[in-house]
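Spelled out, the chains give:
2 protein chains.
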Amino acid sequence: MANMSNSEVCASPLELFNSITTQGEHVRALKAGNASKDEIDSAVKMLLSLKMSYKVAMGEDYKADCPPENPAPSNNHDPDATEAEEDFVDPWTVQTSSAKGIDYDKLIVRFGSSKIDKELINRIERATGQRPHHFLRRGIFFSHRDMNQVLDAYENKKPFYLYTGRGPSSEAMHVGHLIPFIFTKWLQDVFNVPLVIQMTDDEKYLWKDLTLDQAYGYAVENAKDIIACGFDINKTFIFSDLDYMGMSPGFYKNVVKIQKHVTFNQVKGIFGFTDSDSIGKISFPAIQAAPSFSNSFPQIFGDRTDIQCLIPCAIDQDPYFRMTRDVAPKIGYPKPALLHSTFFPALQGAQTKMSASDPNSSIFLTDTAKQIKTKVNKHAFSGGRDTIEEHRQFGGNCDVDVSFMYLTFFLEDDDRLEQIRKDYTSGAMLTGELKKTLIEVLQPLIAEHQARRKEVTDEIVKEFMTPRKLSFDFQ
Amino acid sequence: MANMSNSEVCASPLELFNSITTQGEHVRALKAGNASKDEIDSAVKMLLSLKMSYKVAMGEDYKADCPPENPAPSNNHDPDATEAEEDFVDPWTVQTSSAKGIDYDKLIVRFGSSKIDKELINRIERATGQRPHHFLRRGIFFSHRDMNQVLDAYENKKPFYLYTGRGPSSEAMHVGHLIPFIFTKWLQDVFNVPLVIQMTDDEKYLWKDLTLDQAYGYAVENAKDIIACGFDINKTFIFSDLDYMGMSPGFYKNVVKIQKHVTFNQVKGIFGFTDSDSIGKISFPAIQAAPSFSNSFPQIFGDRTDIQCLIPCAIDQDPYFRMTRDVAPKIGYPKPALLHSTFFPALQGAQTKMSASDPNSSIFLTDTAKQIKTKVNKHAFSGGRDTIEEHRQFGGNCDVDVSFMYLTFFLEDDDRLEQIRKDYTSGAMLTGELKKTLIEVLQPLIAEHQARRKEVTDEIVKEFMTPRKLSFDFQ
Numbered sequence: 026m027a028n029m030s031n032s033e034v035c036a037s038p039l040e041l042f043n044s045i046t047t048q049g050e051h052v053r054a055l056k057a058g059n060a061s062k063d064e065i066d067s068a069v070k071m072l073l074s075l076k077m078s079y080k081v082a083m084g085e086d087y088k089a090d091c092p093p094e095n096p097a098p099s100n101n102h103d104p105d106a107t108e109a110e111e112d113f114v115d116p117w118t119v120q121t122s123s124a125k126g127i128d129y130d131k132l133i134v135r136f137g138s139s140k141i142d143k144e145l146i147n148r149i150e151r152a153t154g155q156r157p158h159h160f161l162r163r164g165i166f167f168s169h170r171d172m173n174q175v176l177d178a179y180e181n182k183k184p185f186y187l188y189t190g191r192g193p194s195s196e197a198m199h200v201g202h203l204i205p206f207i208f209t210k211w212l213q214d215v216f217n218v219p220l221v222i223q224m225t226d227d228e229k230y231l232w233k234d235l236t237l238d239q240a241y242g243y244a245v246e247n248a249k250d251i252i253a254c255g256f257d258i259n260k261t262f263i264f265s266d267l268d269y270m271g272m273s274p275g276f277y278k279n280v281v282k283i284q285k286h287v288t289f290n291q292v293k294g295i296f297g298f299t300d301s302d303s304i305g306k307i308s309f310p311a312i313q314a315a316p317s318f319s320n321s322f323p324q325i326f327g328d329r330t331d332i333q334c335l336i337p338c339a340i341d342q343d344p345y346f347r348m349t350r351d352v353a354p355k356i357g358y359p360k361p362a363l364l365h366s367t368f369f370p371a372l373q374g375a376q377t378k379m380s381a382s383d384p385n386s387s388i389f390l391t392d393t394a395k396q397i398k399t400k401v402n403k404h405a406f407s408g409g410r411d412t413i414e415e416h417r418q419f420g421g422n423c424d425v426d427v428s429f430m431y432l433t434f435f436l437e438d439d440d441r442l443e444q445i446r447k448d449y450t451s452g453a454m455l456t457g458e459l460k461k462t463l464i465e466v467l468q469p470l471i472a473e474h475q476a477r478r479k480e481v482t483d484e485i486v487k488e489f490m491t492p493r494k495l496s497f498d499f500q
Numbered sequence: 026m027a028n029m030s031n032s033e034v035c036a037s038p039l040e041l042f043n044s045i046t047t048q049g050e051h052v053r054a055l056k057a058g059n060a061s062k063d064e065i066d067s068a069v070k071m072l073l074s075l076k077m078s079y080k081v082a083m084g085e086d087y088k089a090d091c092p093p094e095n096p097a098p099s100n101n102h103d104p105d106a107t108e109a110e111e112d113f114v115d116p117w118t119v120q121t122s123s124a125k126g127i128d129y130d131k132l133i134v135r136f137g138s139s140k141i142d143k144e145l146i147n148r149i150e151r152a153t154g155q156r157p158h159h160f161l162r163r164g165i166f167f168s169h170r171d172m173n174q175v176l177d178a179y180e181n182k183k184p185f186y187l188y189t190g191r192g193p194s195s196e197a198m199h200v201g202h203l204i205p206f207i208f209t210k211w212l213q214d215v216f217n218v219p220l221v222i223q224m225t226d227d228e229k230y231l232w233k234d235l236t237l238d239q240a241y242g243y244a245v246e247n248a249k250d251i252i253a254c255g256f257d258i259n260k261t262f263i264f265s266d267l268d269y270m271g272m273s274p275g276f277y278k279n280v281v282k283i284q285k286h287v288t289f290n291q292v293k294g295i296f297g298f299t300d301s302d303s304i305g306k307i308s309f310p311a312i313q314a315a316p317s318f319s320n321s322f323p324q325i326f327g328d329r330t331d332i333q334c335l336i337p338c339a340i341d342q343d344p345y346f347r348m349t350r351d352v353a354p355k356i357g358y359p360k361p362a363l364l365h366s367t368f369f370p371a372l373q374g375a376q377t378k379m380s381a382s383d384p385n386s387s388i389f390l391t392d393t394a395k396q397i398k399t400k401v402n403k404h405a406f407s408g409g410r411d412t413i414e415e416h417r418q419f420g421g422n423c424d425v426d427v428s429f430m431y432l433t434f435f436l437e438d439d440d441r442l443e444q445i446r447k448d449y450t451s452g453a454m455l456t457g458e459l460k461k462t463l464i465e466v467l468q469p470l471i472a473e474h475q476a477r478r479k480e481v482t483d484e485i486v487k488e489f490m491t492p493r494k495l496s497f498d499f500q
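As given, the protein sequences belong to chains Y and G, one line each in that order. Straight run, no breaks: the first sequence in my numbering ends on number 500. Straight run, no breaks: the second sequence in my numbering ends on number 500.
To be clear, the hints were calculated from the coordinates, so they are not data collected in a lab. Be aware that one or more of the hints could be misleading.
Pairs involving identical chains hold if they fit within one copy or between any two copies, as the list cannot separate such chains.
[Claimed, not checked] Only pairs whose alpha carbons sit at most 25 Å apart, straight line, appear in this in silico SDA-like list of lysine to any residue:
#, residue 1, residue 2
1, LYS56, ASP234
2, LYS56, ASP171
3, LYS360, ASP302
4, LYS355, SER195
5, LYS461, GLY49
6, LYS140, THR391
7, LYS233, THR330
8, LYS293, TRP232
9, LYS183, GLY452
Just need the whole structure built from these sequences, with the hints factored in.
Structural data, given as structure tokens:
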């Protein structure tokens with residue numbers, strides 16, 4: 026894994042250029058040799074990181090035929106050849122070559138969703154009487170489908186419920202995994218609605234080299250971290266698919282209904298499945314779709330099928346719900362509404378989603394204060410300059426600085442965040458100071474999470490995961 | 026639907042020849058015009074019936090270029106051109122052009138199963154101390170996989186259990202549907218083992234134009250007919266997939282395990298699925314496979330995975346269990362053993378499986394004595410001659426006579442059956458007398474079934490369909 030923190034971008038531009046060329050050849054060789062997806066992904070990630078370092082160092086994109094000693098005149102550039110490749114986003118892969126991360130405006134156009142604009146945020150504020158969460162104010166939840174419809178219903182005292190989820194691929198969760206849950210808890214609080222949380226342990230069993238017991242074990246462990254976010258036990262049902270499928274008279278029926286109305290051609294188009302994929306993978310999208318329909322939870326909603334569902338999730342999960350919204354009218358159910366978040370950047374830079382399997386790619390919920398400090402100082406990619414003198418003179422770049430990005434997620438004080446942005450951009454604040462601020466925000470946040478998680482007993486987990494009535498007022 | 030009972034085969038050979046030519050063109054036109062499967066199937070069925078009538082009338086196969094006035098010299102025949110097309114058998118289609126029905130010896134070779142020979146039948150007799158069922162004695166159950174292994178285990182006091190099932194596509198069941206159940210009841214009695222019966226209402230929902238409620242309703246109605254076969258309530262669990270999936274902590278887990286280990290390529294090869302098929306159909310085979318593994322029924326077998334399963338079923342279900350046997354070692358389970366039956370012929374002839382949707386294609390379990398008499402007299406295809414004189418002189422053909430075939434299923438007295446075979450073949454017994462015998466066998470059989478079915482209360486059905494312990498002694 027390329028170590029892209031600013032203090033270590035010490036290679037000369039030519040060295041970087043040569044590394045990129047070599048790494049590019051390596052990627053092509055892996056692809057030609059049918060290397061494993063993991064190997065290729067990791068090599069591509071490295072390549073993108075190198076290209077991004079080059080861009081940061083040189084102020085322009087890497088171009089295969091233009092070594093740095095001999096830059097081509099800029100009016101000769103072929104924009105198609107030099108433009109970063111199109112971002113790629115699906116539930117398993119998120120790739121961009123831009124240090125700023127995915128171009129979310131383009132993604133909204135490509136996915137056909139709607140931007141969460143000032144007007145919608147104001148409307149949420151009016152409807153709830155609460156100041157919008159900073160994830161809304163700062164564009165972290167940036168895209169939606171049919172949120173106005175949810176608000177119409179809410180203003181007319183019509184019920185809705187929240188649905189979000191997690192694929193438990195390991196015991197370890199990192200701070201990025203908390204984003205949808207932090208926001209969902211806020212939604213639950215301000216709208217006072219029931220919430221279902223799906224743990225797709227069946228998906229992880231199907232996709233990963235795990236046993237059923239391992240996948241289920243991860244689901245339960247992850248549920249503890251989710252519960253530690255502060256969900257209301259009287260309004261929240263957390264379920265493992267492997268468990269709940271065998272406990273619910275409604276869930277499988279909806280799964281089969283959805284499966285009847287989706288063809289292999291469709292999931293091939295949406296998810297890129299091939300003939301060599303297991304029939305488990307091919308039919309899984311119906312299992313992630315089913316909780317979007319209220320009668321999948323007869324213990325909560327009885328046989329009502331008309332209760333609107335609102336799904337807060339990262340934008341990479343949208344393909345599942347595009348499919349779900351396609352099927353809904355065919356089986357007589359309302360389409361779920363969605364609120365989409367951006368991706369939480371890896372410490373090494375915003376080009377990729379974080380990986381639970383790389384301990385240095387993020388801050389984990391189990392990290393000690395010392396680990397947090399070391400990781401931020403050592404691995405958080407910086408938008409600062411190479412020397413203090415240059416930094417003071419030209420200032421840092423918040424758009425690519427991961428510490429600053431993390432602060433937009435976790436520092437709630439808008440004024441302070443804005444001051445940091447100004448100071449870092451002007452050069453008044455140094456990289457070390459910015460990192461120190463982040464460390465001071467993250468250390469108590471993680472420590473408090475760990476303390477709350479410690480309070481989550483097996484009995485509490487069991488209660489959250491028991492199918493039961495939830496307390497809410499639906500008309 | 027062609028009416029092929031002997032008394033109505035009154036067309037001249039040339040008329041028949043011309044009908045076949047016309048019908049052949051019709052089938053080609055339907056196929057070219059992308060007609061519905063039902064339409065094509067029914068036209069093909071008609072075509073095969075006509076060809077069979079022609080063969081019965083002329084003593085040789087229909088040949089497109091040889092009208093009956095001008096038969097080609099027999100030594101000029103190209104055997105490949107004149108041979109009936111290869112039989113086709115899968116879970117949805119059974120087709121043959123032979124009036125004798127499917128060539129089961131060829132099927133054994135093609136499917137790679139083993140013939141149930143005299144030696145195996147004798148071994149079953151020795152193991153159980155019971156005279157083998159006439160379905161075994163008469164080759165109605167004709168093929169098996171690993172039955173010797175089941176007997177090895179049984180003789181060593183190792184447990185096994187029975188698994189069979191039914192796809193409830195309508196309320197109406199016909200006598201043919203009882204064959205696997207009659208035989209399974211005998212197996213349960215002589216081996217004294219537990220039995221699980223799967224009602225694949227999810228399959229019928231996926232394949233047919235039915236609602237979930239309709240499919241489930243048919244499952245419950247059909248369960249009554251199955252219970253009326255006399256199964257031991259203390260040793261038998263009947264379940265609807267739509268129901269049981271949401272009630273069992275073990276079933277879905279096995280379904281996912283199987284689904285992880287079967288690719289679309291594999292089900293495409295085995296079942297002929299295409300990219301336009303629903304993901305429900307594509308993943309369904311895992312649901313029919315799962316009851317082959319004992320821990321799909323934790324309420325019966327606990328978490329034991331080592332209890333051998335024996336599946337009595339019609340041979341067209343074998344593709345599901347070839348797949349199951351393929352997967353079993355990959356997920357650490359024993360392969361299920363199988364006993365395969367021949368198909369029960371339609372009244373119109375043995376070329377096709379009976380259809381629950383055509384009331385004249387069979388004797389239904391709801392038929393009155395009068396309906397039975399009318400159907401047999403009017404529709405049962407006869408191997409007799411056109412006139413009494415010819416019949417007395419040349420005798421009838423038991424190999425194509427449906428009334429005689431039905432007697433092999435339902436007349437238990439071997440000596441009487443053999444006498445009928447001799448008398449009909451010699452011409453001593455006329456078609457009317459043979460039909461009368463069948464009517465006299467079927468009328469009380471159906472009446473008794475109806476009486477037993479009437480005794481099956483909703484409470485009894487509910488008990489059979491409740492997941493619960495069964496009473497048996499396993500070591």
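We went through each hint and held it up to the structure:
no., hint, in the structure
1, LYS56 to ASP234, "within (22 Å within a copy, 45 Å between copies)"
2, LYS56 to ASP171, "neither (40 Å within a copy, 44 Å between copies)"
3, LYS360 to ASP302, "between (28 Å within a copy, 23 Å between copies)"
4, LYS355 to SER195, "between (36 Å within a copy, 24 Å between copies)"
5, LYS461 to GLY49, "neither (35 Å within a copy, 84 Å between copies)"
6, LYS140 to THR391, "neither (35 Å within a copy, 62 Å between copies)"
7, LYS233 to THR330, "between (34 Å within a copy, 23 Å between copies)"
8, LYS293 to TRP232, "both (16 Å within a copy, 21 Å between copies)"
9, LYS183 to GLY452, "neither (51 Å within a copy, 80 Å between copies)"
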